[in-house]
Amino acid sequence: MVSLSDFKKISDYEWEIPKTAHPDMKVPVHIFATRRLLEKVFDDESIQQAINSATLPGLVGNVLVMPDMHQGYGFPIGGVAATRYPEGVISPGGIGYDINCGVRLLASNISIEQAEPYLDALATALDHYCPSGVGKAGHIKLSEKELDQVCTEGSRWAYKNGYAQAQDLERTEENGRIEGADPSAVSKRARERGRDQIGTLGAGNHFLEVDLIEQVFDPSSASIMGLFEGNLALQIHCGSRGFGHQICSDYVDEFQGAVKRYGIKLPDRELVCAPLTSPEGQRYLKAMRCAANYAFANRQILTYYARRAFEEVLAGKVPNWELTQVYDIAHNMGKIEVHEINGEKIRVCVHRKGATRAFGPGNPELPREYQPIGQPVLVPGSMGTASWVLLGTTESMKRSFGSTCHGAGRMMSRSQAKKKIWGEELRNQLQSRGIHIRAGSLSGLAEEAPEAYKDVDDVVQTVVGAGIARKVARLTPLIVVKG
Amino acid sequence: MQKYAGFQEIEHTADIALRVWAASIPELLQKAAKGMFTVCGVQVNKQSRHQRTFQITFSDYESLLVHFLSELLYYLERDNLAFERFRISINEAQVKVTAYGYPVLSIQKMIKAVTYHQLQVQTTERGYEAVIVFDV
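So the protein lines, in turn, are chains S and D. No gaps in the numbering here: position 223 of the first sequence is 223 in my numbering, and each next residue is one more. No gaps in the numbering here: position 38 of the second sequence is 38 in my numbering, and each next residue is one more.
Please keep in mind that the hints were generated in silico from the structure rather than gathered at the bench. Some hints here could point you the wrong way.
Each computed DSS-like pair below joins lysine-lysine, with the alpha-carbon atoms no more than 30 Å apart [what the hints assert, rightly or not]:
#1 S:K265 to S:K8
#2 S:K40 to D:K109
#3 S:K40 to S:K418
#4 S:K188 to D:K109
#5 D:K3 to D:K109
#6 D:K96 to S:K418
#7 S:K419 to D:K109
Here the structure is a predicted model, which means the values were calculated and not measured.
With the hints as constraints, model all of the structure from the sequences given.
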């Protein structure tokens with residue numbers, strides 16, 4: 001059992017669990033946290049899960065954990081682990097069931113004063129156009145051929161079919177399409193689940209939110225992104241739905257046998273992995289990329305319907321009601337990237353589970369206009385609290401495989417939250433603060449109560465203090481739509 | 001004497017964890033299913049009864065639990081059915097299941113997946129016990 005005394009303090013915002021803490025650890029674990037945030041995570045199993053993750057074969061650098069960390073399954077949420085390519089392994093559990101779950105941010109020129117009279121109607125229209133909740137099907141049912149196209153083309157499929165603007169794709173991680181996807185690696189059952197769920201939010205912590213840009217910290221970068229104080233923005237948080245969940249389940253199951261075949265010993269069966277170059281590893285990579293492209297297309301279709309809701313409610317009443325894409329990021333993914341470790345540039349497979357890519361300025365993968373400032377990082381807070389727009393830094397490239405935090409991070413279980421918080425009371429509280437709520441389930445609302453999460457401002461302060469991101473803008477919610 | 005079988009939700013920061021115990025493996029599967037549909041908060045319409053039959057080939061009891069519950073989640077999502085009674089016969093590494101259930105009227109929570117996280121079916125003095133973590 002690890003205690004605080006086992007940690008080596010690197011700075012006020014970074015702590016190390018040395019490799020010597022456990023005989024099977026291949027690399028040290030670095031946790032980005034203040035002392036106060038670190039003390040909180042001893043309440044659950046996330047530190048043990050980080051140590052378990054550090055036993056994967058082929059790891060390089062450090063296993064990193066972000067300040068929004070909490071207990072997950074296999075890896076902790078907030079974990080980043082890089083394995084050397086091609087000798088290392090890939091672990092589906094280190095990416096998660098909701099493959100390419102992520103956040104999209106759209107900016108507008110609509111001021112809060114102009115929008116105020118229409119917010120309730122806008123909440124209703126967004127709720128109508130963007131299906132959320134358990135088992136909800138979307139407006140689109142894909143044919144088998146169309147599903148193949150979504151798998152290989154992602155947001156480009158949405159663009160070809162009139163659901164996207166060119167700039168949406170330019171301002172999406174990987175331009176909304178990851179190379180190397182192969183639908184033949186996807187099971188029949190995953191395909192069946194994927195066909196009618198595209199364009200849906202799902203349930204749990206997924207949401208669609210209209211925000212007020214409350215404060216801008218870096219006006220120059222914010223203006224490049226189209227973010228101005230006092231204007232409205234829209235966030236969409238969701239992933240690859242049942243399609244991705246099934247792909248992950250299929251491969252976690254298949255890899256139970258792979259670890260035996262390759263002689264890999266692990267402390268937790270959820271960490272199962274296969275060598276990147278093995279037939280199993282290659283097939284998972286192809287299937288995971290299908291799910292990633294599906295998730296990009298999913299957020300793109302939700303964007304299309306959100307735009308329709310804005311048009312229906314605001315066109316003719318508010319000038320310049322259009323929404324322009326700021327960025328779309330993934331926070332549950334495995335990516336082959338090149339990073340510099342101990343002065344050597346090496347190709348690695350970066351697993352980010354509940355962590356956001358945060359590339360620094362000058363990275364060729366960024367759109368031209370973002371090259372001077374770095375990659376936008378979208379950090380949604382808990383429901384009813386602030387969200388943040390950050391930027392990746394040169395330091396994040398050196399210290400965290402170009403990664404940073406992804407949200408506020410839970411600290412209270414769902415059952416505890418439901419015991420302490422009454423959904424209806426919470427809805428009334430949020431409404432009395434002027435937030436328009438559309439929620440499919442009141443108990444689901446209680447589970448996502450702000451008290452169940454860490455303070456997102458503390459989390460952001462930590463990554464900024466550690467130098468792995470910098471602040472651009474703080475957003476506060478006006479409309480929340482969730483399942 | 002009270003029957004040795006049951007389930008209990010235990011604390012997990014973000015997901016759902018269930019402790020399940022029973023005197024036999026078929027009973028353990030049934031209690032795990034009952035626990036899972038309970039945490040999903042399903043309300044059913046008992047006017048029409050449905051059944052689904054499936055087979056599972058398993059290498060150990062942990063993979064049997066994961067496959068069995070995943071199969072039920074699949075029918076929940078695809079056919080909108082929640083199951084209450086089961087006929088389960090185990091023959092070495094093969095299980096045949098007939099599940100009897102009803103259409104779902106409402107559901108509070110959808111489970112994304114049944115995980116293998118620290119999953120161990122342990123033998124106890126009175127039977128079997130396991131802790132199952134669900135991704136929600």
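Comparing the hints with the structure gives:
1. In summary, the hint linking K265 of chain S to K8 of chain S is supported, as the alpha carbons are separated by about 27 Å, within the 30 Å threshold.
2. A distance of roughly 27 Å separates the Cα atoms of K40 of chain S and K109 of chain D; the hinted pair therefore holds under the 30 Å criterion.
3. Restraint check: the Cα-Cα separation between K40 of chain S and K418 of chain S comes to about 20 Å, which is no more than 30 Å; the hinted pair holds.
4. Between K188 of chain S and K109 of chain D, the direct Cα distance comes to roughly 25 Å. Compliance with the 30 Å bound is thereby established for this hinted pair.
5. Among the hinted pairs, K3 of chain D with K109 of chain D is consistent with the structure: their alpha-carbon atoms are about 29 Å apart, no more than 30 Å.
6. Between K96 of chain D and K418 of chain S the CA atoms are separated by roughly 37 Å; this puts the pair beyond 30 Å, and the hint is violated.
7. The suggested pairing of K419 of chain S with K109 of chain D holds, with an alpha-carbon distance near 16 Å, which does not exceed 30 Å.
In summary, the one numbered hint that this structure violates is 6.
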